[in-house]
Each structure stands twice: as C-alpha cells, then as structure tokens.
Amino acid sequence: MDPNNDIVTGKSKNGNSSYRWEHQHVILLLDTYPKFQYRFRKKVERTDKIWKDFAEAMRKNSFHEATAERCATKWKYMKERYQEISLKSVDRVEGKQVWTYYEKMHSIVGSEATVTLDHVQEVGSCGGVKVKHTSNDSKPNKRQRTRVTNSESLDRLIDLEKGREDMDLKIIESLQFHKENSSIRTQAIVNVSKSFELLSNAIASKLNTSGGFENTQSLVRKL
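Reminder that position 201 of the sequence shown reads as 200 in numbering that gives the first Met the number 0, one-by-one numbering, no gaps.
Calculated from the structure, these hints are not laboratory results. Just so it is clear, the structure is predicted and the values come from calculations on it, not from any experiment. Please note: incorrect hints may appear among the correct ones.
[Stated by the list, open to error] Pairs of lysine-lysine, DSS-like flavour, derived with a Cα cap of 30 Å:
| hint | residue 1 | residue 2 |
| --- | --- | --- |
| 1 | 51 | 87 |
| 2 | 103 | 59 |
| 3 | 42 | 73 |
| 4 | 59 | 41 |
Could you build the full structure based on these sequences and the hints that come with them?
This is how it looks when you write it as structure tokens:
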C-alpha cells in the first residue's frame, strides 16, 4: 500500500465505499488534530459535535470532501496503525521507515498513548490494550503493611522513652550539682558569720575589762 494514498478499509455507516485520502489531506488531518486535542481530552462535549467542528475546519483549509464521519474514521485508523507499529518498533526512526506518518503521529499521541511497550501483553481486536503486571508491581496486603507500621512505631516509642530517661538523669545530676554548690556556699557564709560574731564578742569583752583600747588593739593584731 502506498503510504501517500492511505485508504481507510471498510465502509462507512451510510454504505458508501471507502474514501481514499490523499497525502496532503492526511497531513492536514494531523495538523488539525492538535487544535482539537484538548476538547477530546476534556470529555465534556459530545464527540460527534467535536468531529463536526473538526471537519468544518478541514473544509476551510481546502479539503472540501471532509466530513465528521470521514475524519473520525480516518483518525481511528491512524491511531490503530500507530499502536500496531509501536508494538513492533523500538524507536521513532524505525517506525518512520515502516510508516510515513509514524513520526508525526508520535509527536501528537506519543505522550498520551495507551500503549506502554514495556508492559503490554497483547492488543485486542478493537485496539484495546491488556497490561501485564510484574512481580515488582505487587503490593503487600493490608495486614503486612500494618505490622510494619506497628513495628516502626514501637521502635520510635522505645527511642523516645530512652531519650526521655537520659534527659531526666541529666536534669537530676544538674540539680544535685547546684544543690551541693549551694550547700557549700551556705556553709561558708555561716562560718564567716560565726567568725565575725566571735570577733565581735571578744572585742566587746575586752572593752569591758581594764585593758581598754590598748588591749583591744593588741587582740585585733593577734586575730
């Protein structure tokens, strides 16, 4: 099949024969689709309404035979063809060698294609993709996840309790240290006070004796 005159196989709903797409019309289709891609993704509007607007845009660009049905059917075929080649080709260069429109299709739908080559098992007759899951994709059951979570929580609680005990010991040691220093300072103050009291009593006693002031000076010098 000549890729420049790509034909959509089968008949349309109204029984008309397959329509032959010229190369320039296929390129116009691929250039027009990105302008409507957002509307198709939103899935808010009716699809047939979007394709009617799509066909109108094609007609405004000199493809007067464009209809909503023709454009929708052609695009469906283009996507199926792209997916088929993607399953067999390893890169864009090889894909382009197989199909003229592969690279342009890849730039449009490559990022959102339902085909993921590393995980595809098979493609159904309607273009649907069945995905196989590897063992790495399996998830632990809920009970296993709970056990892991509880174990981690218990370890954290033990670490917190141990840290709290260490902090309590440090606080107790600090209080004891300050208490001991406070006791030493208090005892020193008491001793000094007693010394002054003894000195005061001695001075008073000497003043009351016959020695008078001279004896007091002598006592002070002795002290």
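Hints, verified against the model:
no. : hint     : verdict
1   : 51 x 87  : violated, 34 Å
2   : 103 x 59 : holds, 22 Å
3   : 42 x 73  : holds, 20 Å
4   : 59 x 41  : holds, 25 Å
When held up to the earlier numbered hints, the structure conflicts with hint 1 and nothing else.
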